[in-house]
Amino acid sequence: MFVQIKDLAFHYKNSRNPLFENLSLNFNQGEVSVILGESGSGKSTLLRLIAGLEVPSRGSILIDQAVMNDTFRFVQPEKRGVGLVFQDYALFPHMTVEKNIKFGLTKMNRKQKQARMEELLAIVGMEDYASRYPYELSGGQQQRVALARAMAPNPSLIMFDEPFSNLDSKLQLQIRDELQEILKRTGITSIFVTHDEEDARAIGDRIILMNNGKIQDEGRPEMVLKRNKEQLSLAYV
Amino acid sequence: MYFIRKMRSQFNSWALLSVIFSTLILLPALLIMVQLFAESNENWEHIKEFMLKNYIVNSVTLVGFTGLFTVLIGVSAAWLVSAYKVPMHRFFKWGLILPLAIPPYIGAYTYHGILNYTGVIQTSLRNQFGIKVDQKFFDIMNIPGAVFIFTMFLYPYVYIITKSFLENQSSSLIENARLLGKGSFMTFIQVVLPVSRAAIVGGVSLVILEVFNDYGVVKYFGIQTFSTAIFQAWFGMGDIYSAIKLAGTLMFIVVLILILEKVIRGRKQYSYSTSKVRPLQPKELKGWKKFAVLSFFISLFALAFGIPFIQLIHWVYMTYDVILNTAFVDLIWNSVFVASIGSVLIIIVALIIANFSRLSKGWMGKLFSKITVLGYSIPGAVIAIGVLTLFLSLDEKVFTLYEWLGLEPTLVLSLSISMLIFAYVVRFLAVGFNSIESGFDKVGTVFTEASRTLGMSVTKTFFKVDIKMIKGAIAGGFILVFVDILKELPLTLILQPFNFYTLATKTFQYASDERIHEASVSSMVIICISALSIFFLHRVLEKEPK
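Protein chains in written order, with our numbering: chain U, 1 to 237; chain Y, 238 to 783.
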């Protein structure tokens, strides 16, 4: 198991009720897992906890056998080696595509950085856009750059927070297929967060259905979607 | 356990620096608070028995009437500018902010110069028309005169805040009132006034703080208030003890007023939440209404900026060849020097505390941001006394150290310029902090988080990402602080080292010596720099959509 979450508890400062109580969950190496749930179900918060952007009140998180946090330890986000693609991409507006992608490549020399940057631009099919600024790109192009940037430092785990929600539906399908292709090719462990059943079905090796901070079901996409058909169709009417 | 983990995730050099800076900022105010309850001496007993009541009555009268008139003028100007279109509309929109460039003490002596026996009005009447007037109609060196001065040069605080509220927040309410058949006046009374209450209270509390802070106007006009009393206790009697007691009492009153502000404003903030911000469309005015509104704008602009400005230009023309010499260059150098160092320090401290407070999300961050804002509520003279007490007690320690080392003992710290600059930081940190905090608010934390997940530490993220994304806010904050320090009078008067003058204190000295013509050149420099910064902030940072 690549990511192990055990007895995790978390509550937001301004809310009385805990979002998670005793949440335990595992993610396997090389697998594309999708966390499916309505907004407010806690799926994005779970990503933030794994990335180290939020501090849990109890429980432990291990990534690749290494303790990220438990009772006494807390590893800062920059030391976790986890990539995160944000919902609105969060490309640095004052940097070009090239600079954005090179941003996380701290341990390389100039030549290596350049090579890695070019490699990633080729993977996402954006070779001609290195000198553009984020605002000069379309939504889909920004999305690809965000993916390239997150993958550049070679993270052991990459996570996506509602990656298609800012794209129009036609583009959504295209990008989704591309993304799936890239992930399969690189064999990187990945976690997706989405509220879209179709996305979950198309991209996931496994679906984790989340509801009110609890795991309602998990398993292969067809099975999970079939078992919870009624509830899912109600939620999205 | 959770606490330990939380501390671990957040405790870093940013937290440590924030703790140190906040403590330093808080120290002068704390020292005054402590001393307020110390035993009293003879001077203080005398002040308390015979003079304190007078100080309170005068200060409260000034504050009360100035508050009332700035609300009347500021709110009606804001409403007329936002709701109606008259010729030169765009000019008045920001021109009515310009009086803020004239510090009230400069306005005070300029108006006195215009109106007194040798002033332009009376000499013209005498020489051209042979009319001799009764002096009592032209004497403004009294409480009503001071209220006039404060109102003219401070109403823009109410005007700016109310105007931006009306323009951005209230369009649907006002349009609905019109559709429901309310005339302009009733809309104003029934809708505009109630919905903009929070904004008006916010603006007028700034006015009130400025009036309490003032020393120049009341001293020049010979009105006894807390500020003049603090100066007299310290410079007249050399009695820091009574100065502290007076400062403490004034601080107490200011805190009461701030609490009152919170109560009146209630839970309302300056803005209420509507997701769509649609600017209010001004309506074209016709006929006598157009004429009336236009004359209101013209007279307000003339009284609060045009007339004193033209008079100052005339005086500059009369005196520039005497004033412009190497001593004047020194003066400008001094002012720019202290203002630059003060502003740079303030921006650095503000960046550190604001960054910590936004990333920690906890009570500690909130507490620090509250402390930084404290100084702006406390009148300059009070801060000066607090800082003086702090540095004197530090000097005592240094003094002993020097004696012990066998060196010539001197008052190192309390005679140095570092004391003055430290006091500026305490007083104006809020100005820089607010600007930077709102810059951070606009950007959010997502870019910081992106950078952290890409392997950058908090500090590296700060230099590579955060600071670059709020460049505008940093520049804006720097300009505001710089101008505030440049204009600052009471605090500088108390703490300036021997034989060290700034533009503001030299202006005041000239005016006090009844050499008001000579004061005009330095006044003009202050006004022009302030006006430029207002223009810059208004046009560049709040660029109007065309």
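Please keep in mind that the hints were generated in silico from the structure rather than gathered at the bench.
In this text, all values refer to a predicted model and were calculated from it rather than measured experimentally.
Errors might be hidden in some of the hints.
Some but not every residue of chain U turned toward chain Y, in silico, with C-beta under 7 angstroms [said to hold, decoys possible]: (1) Leu53; (2) Pro77; (3) Leu84; (4) Phe86; (5) Phe92; (6) Phe103; (7) Gly104; (8) Thr106; (9) Gly219; (10) Pro221.
Here are the simulated DSS-like cross-link-like pairs (lysine-lysine), alpha carbons at most 30 angstroms apart as the crow flies [as the list claims (entries may be wrong)]: (11) Y:Lys701 - U:Lys79; (12) U:Lys13 - Y:Lys322; (13) Y:Lys499 - Y:Lys607; (14) U:Lys6 - U:Lys226; (15) Y:Lys708 - U:Lys99.
Some chain U residues flagged as far from chain Y (calculated, every beta-carbon gap over 12 angstroms) [to be verified]: (16) Asn14; (17) Asn26; (18) Gln29; (19) Val55; (20) Asp64; (21) Glu78; (22) Tyr129; (23) Gly139; (24) Asp168; (25) Gln174; (26) Ile215.
Note that beta-carbon positions come from the ideal geometry of N, C-alpha and C, so glycine has one too.
Status of each hint after checking the structure:
no.: 1; hint: Leu53; result: holds (5 angstroms)
no.: 2; hint: Pro77; result: holds (4 angstroms)
no.: 3; hint: Leu84; result: holds (4 angstroms)
no.: 4; hint: Phe86; result: holds (6 angstroms)
no.: 5; hint: Phe92; result: holds (6 angstroms)
no.: 6; hint: Phe103; result: holds (6 angstroms)
no.: 7; hint: Gly104; result: holds (3 angstroms)
no.: 8; hint: Thr106; result: holds (6 angstroms)
no.: 9; hint: Gly219; result: violated (29 angstroms)
no.: 10; hint: Pro221; result: violated (27 angstroms)
no.: 11; hint: Y:Lys701 - U:Lys79; result: holds (18 angstroms)
no.: 12; hint: U:Lys13 - Y:Lys322; result: violated (47 angstroms)
no.: 13; hint: Y:Lys499 - Y:Lys607; result: holds (14 angstroms)
no.: 14; hint: U:Lys6 - U:Lys226; result: holds (28 angstroms)
no.: 15; hint: Y:Lys708 - U:Lys99; result: holds (19 angstroms)
no.: 16; hint: Asn14; result: violated (10 angstroms)
no.: 17; hint: Asn26; result: holds (21 angstroms)
no.: 18; hint: Gln29; result: holds (20 angstroms)
no.: 19; hint: Val55; result: violated (5 angstroms)
no.: 20; hint: Asp64; result: holds (16 angstroms)
no.: 21; hint: Glu78; result: violated (5 angstroms)
no.: 22; hint: Tyr129; result: holds (19 angstroms)
no.: 23; hint: Gly139; result: holds (16 angstroms)
no.: 24; hint: Asp168; result: holds (22 angstroms)
no.: 25; hint: Gln174; result: holds (24 angstroms)
no.: 26; hint: Ile215; result: holds (23 angstroms)
Figure legend: structure checked against the earlier numbered hints; hints not met, in rising order: 9, 10, 12, 16, 19 and 21.
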